[in-house]
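4 protein chains.
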Amino acid sequence: MAPSGTKKNILERLEAGEVILGDGGFVVALEKRGYVKAGPLTPEAAAEHPEAVRQLHREFLRAGSTVMQTFTFYASDDKLENRGNTQSFTGQQINEAACDLAREVANEGDALVAGGVSQTPSYMSCESEEAVKAIFKKQIDVFINKDVDFLIAEYFEHVEEAEWAVQILKTSGKPVAATLCIGPEGDLNGVSPGDCAVKLVKAGADIVGVNCHFDPETCVKTVKMMKEGVEKAGLKAHYMTQPLALHTPDCNRQGFIDLPEFPFALEPRVLTRWDMHRYAREAYNAGIRYIGGCCGFEPYHVRAVAEELAPERGFLPPASEKHGLWGAGLEMHTKPWVRARARREYWENLKPSSGRPFCAAMSKPDCWGYSKGHPDLKQQKEATSEDQLKAVFDKAAQSQ
Amino acid sequence: MAPSGTKKNILERLEAGEVILGDGGFVVALEKRGYVKAGPLTPEAAAEHPEAVRQLHREFLRAGSTVMQTFTFYASDDKLENRGNTQSFTGQQINEAACDLAREVANEGDALVAGGVSQTPSYMSCESEEAVKAIFKKQIDVFINKDVDFLIAEYFEHVEEAEWAVQILKTSGKPVAATLCIGPEGDLNGVSPGDCAVKLVKAGADIVGVNCHFDPETCVKTVKMMKEGVEKAGLKAHYMTQPLALHTPDCNRQGFIDLPEFPFALEPRVLTRWDMHRYAREAYNAGIRYIGGCCGFEPYHVRAVAEELAPERGFLPPASEKHGLWGAGLEMHTKPWVRARARREYWENLKPSSGRPFCAAMSKPDCWGYSKGHPDLKQQKEATSEDQLKAVFDKAAQSQ
Amino acid sequence: MAPSGTKKNILERLEAGEVILGDGGFVVALEKRGYVKAGPLTPEAAAEHPEAVRQLHREFLRAGSTVMQTFTFYASDDKLENRGNTQSFTGQQINEAACDLAREVANEGDALVAGGVSQTPSYMSCESEEAVKAIFKKQIDVFINKDVDFLIAEYFEHVEEAEWAVQILKTSGKPVAATLCIGPEGDLNGVSPGDCAVKLVKAGADIVGVNCHFDPETCVKTVKMMKEGVEKAGLKAHYMTQPLALHTPDCNRQGFIDLPEFPFALEPRVLTRWDMHRYAREAYNAGIRYIGGCCGFEPYHVRAVAEELAPERGFLPPASEKHGLWGAGLEMHTKPWVRARARREYWENLKPSSGRPFCAAMSKPDCWGYSKGHPDLKQQKEATSEDQLKAVFDKAAQSQ
Amino acid sequence: MAPSGTKKNILERLEAGEVILGDGGFVVALEKRGYVKAGPLTPEAAAEHPEAVRQLHREFLRAGSTVMQTFTFYASDDKLENRGNTQSFTGQQINEAACDLAREVANEGDALVAGGVSQTPSYMSCESEEAVKAIFKKQIDVFINKDVDFLIAEYFEHVEEAEWAVQILKTSGKPVAATLCIGPEGDLNGVSPGDCAVKLVKAGADIVGVNCHFDPETCVKTVKMMKEGVEKAGLKAHYMTQPLALHTPDCNRQGFIDLPEFPFALEPRVLTRWDMHRYAREAYNAGIRYIGGCCGFEPYHVRAVAEELAPERGFLPPASEKHGLWGAGLEMHTKPWVRARARREYWENLKPSSGRPFCAAMSKPDCWGYSKGHPDLKQQKEATSEDQLKAVFDKAAQSQ
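Protein chains in written order, with our numbering: chain A, 1 to 400; chain B, 1 to 400; chain C, 1 to 400; chain D, 1 to 400.
Isolated chain A (complex conformation) (with noise of 0.2 Å):
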């Protein structure tokens, strides 16, 4: 594996007031290709169909990512028992690979590697603040092991998990980001973003924020909220945003996740390049410098971003080659009124309709909003029983 010590890393970069952009979401893309299961969502793909892996992870290079997101999402050993992994590769054979491929990838160009913890079971099954932290201690050895750049604690609905993590994280020595899977309501216990981002400073985090579970907009707004509560508290640390690819004003506290859309019928909510753009100018505007993405990117939503923010970069990213500024490209179309569409003023403009005239605008989500200790929420191994489903549908009765 190759030396990461001559590129500059994370902390001086954005030290120097570079603009660092996050890759999207590996799992979401990767499903929609065939080789990640929903449900399970682990990441065997890294070991199992690697040239898959490698290819995604190349377009988001080519797309002007900065950084190369390790595929290890989900990848512990209890994680991987179930039916997706059919090969049976275990969680160290996956981790390993998916640090190389990210390795592999990232030296093509000048990105860097991040390895990276979610929350997990254990914490939302009430297990002590040592079994949590043991377990996020195993998921780094084998991203000290491969030398990864810097480590990013993410995905996380209740700080206090989140700032355990930290504090596991900084024992690497290695730069630290920390996103909360949270909007403007704050995590899962009511925590605000201002308190949750002064928590996770406090713990040893260099750059904080907020990722996945809802879209653009509320993330950068609660990012917001978390640097104003940074300030307050004289405190200093860079700003990061990876939000879903996804716009979801009806969501509640929870997320996407329980919107009734979620994970199979999310399409007519994804995001348009210009829709991209706008995301990146309200980001950068608010002062956050690590500008990156979560479910539903792909791999054209993170060149928007480039292209927005090339005046500032002082470049575009390699995939605009095939990407003409503002619909530049239809110039050459064969129709002219579909030359007539390729102007900045043209798309900026437009509303998109959704071709779907027998759905709504927005849906009710689910109302469960349940935090840690929750019965409902210790984890099982086993597939909803009819039981069970019948509790949640009486339950979903009474909260209409």
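Any given hint could be a false lead.
Since copy identity is lost for identical chains, a pair holds within one copy or between any two.
To be verified - Taking lysine to aspartate or glutamate and the DMTMM-like style, the derived pairs with C-alpha atoms no more than 25 Å apart in a straight line are:
1. Lys138 with Glu282
2. Lys32 with Glu104
3. Lys7 with Glu104
4. Lys138 with Glu345
5. Lys32 with Glu348
6. Lys232 with Glu51
7. Lys236 with Glu108
8. Lys202 with Glu228
In short, the hints are calculated from the structure, not lab data. In this text, all values refer to a predicted model and were calculated from it rather than measured experimentally.
Starting from the structure of chain A, add chains B, C and D where the hints point.
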């Protein structure tokens, strides 16, 4: 290149009652991945980034496609002169590379390779039958040389030009399929779907149908009309449909090209996998046995078609190892209310919201409806001039 | 009762090129005011609450209506037996009171009085031509006795029954208009609008057209087809349209009755006054000279029609003294940004939002499409039984 | 004029636990009937067309209203100078006529008469407390003279001005209600609903709440906040709400005035009768006992409120003799599938479609948010000049 002789050919398969699954739209899928430039839409990626094209072929094969179409759309030398093709590959280089990639992946499974020709700028600019046919002749030389399994004349707006194409393709001795990009209103000269189909069969097509421009519902309806026409004329044919993976209830005769969202804001219209189940069933019930896709189809869309027709075909595609039927993978989700979505009834009846409360359900298409011979369709190499642009806006204002 | 003899009759006016404005739908307007019971829809208010009926006539007269239709819809003795008619007025009492009210208000301006008959339960229950005609005969006796100015056979779903009605009305010697409640697909037996119109003219109708069941756009389109049919047949007629003031792009052949929102949740579909301007212009351009309304029309809708056609008619209606054209009244609003809406261009281009993000744009109509003779349409006096209800739900479930 | 002394007064009724039903918005209802001019919105119809005003009072009484508000909105002499009031009635003539009409109809049932004052152009133009109070004083003289039953200070955007009004009304010795046209964000100076309510109670209001500007859901939410504020302050009051009959989820602090559809394209937002049932129940559950309506309320809306609360009130309103509860009237419809809609469950769960596929669900409000003292709100008698209009457009363009 491996010989294709040991496989049953497309007509033998159709005669035997096999359901043939096409693949999806490479141009749009690779545009989003960063390898095709919207506007020119030329396929230089076959030579320039073969790994990306190979990977997409592989994903469709995994998803269940029985046909690999060579990625040769618009690969004529005149088209390749412009900015998308920055490394200046020749048409021949690209076409040959595309044939090799399709064959390589087809042989990883039981798929056939199809070479395609499409409508020409020359026809639209009113050149002679001889001139237009010479273009088709030149294009199929490379397909014959690379020994593709069959040929497709696809994406024709005027049946006359498609007949010319079929006549030339027929000289190859290979099976010939022909699809128009028309809806129930017929071709741009107003020839009805039934009459179009009769003309194509008489010209020598073994398989007739439609591709692109309209959503699955519209395409199935149109092919039904073709079938009625062919049967009324006492002729015989096989039927195919390769629709958009986009909802387009608001299209006029010209299809999705005229929608204001084309081509950069079509996201809200993308079909879900459950929409695809419906499409597959309706196409099958209409007697269509070659069922594929065009722009907007991603691998998981083809997989959904394959899953719906698994009872008829007798098997699931490889990629279904990463997909529980009708959301079954959710049985293992961490939240009980998401587990409750692991039911066919749930997904079949869900009407997915757009998440876009400021957008409408339908758009008014630009209403041009030009057909061959109209001066505005005379093709030019230069980008649209200011004067031309103004003329377009003036016309648009008048037509409102 | 004042004589009507000094006024020009309806045919003289139409021959002279006058634009006749109908009134709106009394049944729906008075239901909202609390005087008509939805379900039975009987007009006992004419006798029971004459001040309410008189007031509505007056409002339509002020709005520009040239015709006062007697409020006699469904005023047959058999219909009147049920719960809406709590004071038990006889059919004759109601019909006479309705004629007197229409005449009283008509004479306050230059309006004509029209008496109307509609389709009968007897026809739907397959009674004989003689039996059905006897019903019409009985109904017009009171109109003749009260000397109305002309007669309208309206709201027929089967042209055959309308022909019978016209034949009877014609015996009165008064001008006869006939309108079907059909759309472009024709009557419930599939007779095309053109053929329907020819049959009505041949039966003796002076004025033909459509009323109720569909929105203005659909109605104008249907009357155009009628006009083409009549002209092709070498016949002559005047044309009228009295559409819903509701948008119904999602209707099938049975019209708005089959929409799930009928009759108690149609609010979001109500036309704005600006929609009415468009209707008036399109109807006029189609050669229609008797332009009125049906269910959903309120006085301001008729006023909008009158304002759009003021240039052709040469005058504004009385109620325009309380209405600035194209929002001009806003010039004096207290807020400057509301004053900025005092412009035709503003209102003409506005696409009004529904304020209902959880609702769709279109509904799937119940798909029954029964026509005369179907056993489910056999009329009964009793409320639906549990068994009948179950049968309906079973059918609905099958048709989805 | 008949004495009101024999009836229990409003406070006695509320203390006794009676549910008081207000009436609806006369200005908007009479605009649609042709008697009020939108823009000026002056109530000269009370003198000019008393039959129309009397009829509307009567319809609300039949629908269940316990209060007849005098139709005296904006009836000050300066307001009456402009074009709507073509016959030039004086303010005094109009106010007296309005009181007589309200009393006449109130005495046909068991209703009370309320006289109202609203916010003044003088306050918005920054005139002194004395000047503003003098205006209120002059207005209530006629109410006292005509012996109305109680007084309402309604439609205030700034609580300060409402306090001044309450102080003046209180001098009459009659019960005083006070409603602001604010939402959860508070008055235009940012005073919270809770604080506003406390101020009003301290100024002497017996009943506090909100009216106009927002939909029922928002208004109930706002009154809840008021109630919490009052209770927290250890004070006591009765609560009332008179919302729009329009859905306005997209409003900002200024309410529906700033929606682009105001005031001439609000049709798609009108509440159904079933929406009204929900409103009535929610208001009641929130402890509100004076439940009425404002712009958009038609008689059938008030009837729906009365029907929902019939169990609590012990009786149905007179107009329910023409209305089956929850669609029961449809049991006798001619078509079986329409009869199947005669069920509470059906209407309660129906999500009504807009029939407008080219329109969105929500609008972006004009974002002005001016409050008292802003130069653009200085009132003028002249229509907007071209220069002023240009300034508005420039600001709008900047704010996008």
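To see whether the hints hold, each was checked on the structure:
Taking CA atoms no more than 25 Å apart as the test, Lys138 paired with Glu282 passes in neither setting, with 37 Å inside one copy and 51 Å between copies. Both within a single protomer and between protomers do Lys32 and Glu104 lie at most 25 Å apart by alpha-carbon distance, with minima of 24 Å and 23 Å respectively. For the identical chains of this complex, Lys7 and Glu104 are intra-copy neighbours only, at 14 Å inside a copy versus 38 Å across copies, given an alpha-carbon limit of 25 Å. When the C-alpha separation of Lys138 and Glu345 is checked against a cutoff of 25 Å, the pair qualifies neither within a copy, at 51 Å, nor between copies, at 41 Å.
Proximity of Lys32 and Glu348 under a CA criterion of 25 Å is satisfied inter-copy only: 19 Å between copies versus 28 Å inside one chain copy. Proximity of Lys232 and Glu51 under a CA criterion of 25 Å is satisfied in neither setting, with 47 Å inside one chain copy and 50 Å between copies. In this assembly of identical chains, the alpha carbons of Lys236 and Glu108 never lie at most 25 Å apart, being 33 Å within a copy and 55 Å across copies at closest. Only within a single protomer do Lys202 and Glu228 lie at most 25 Å apart by alpha-carbon distance; the minimum there is 15 Å, versus 37 Å between protomers.
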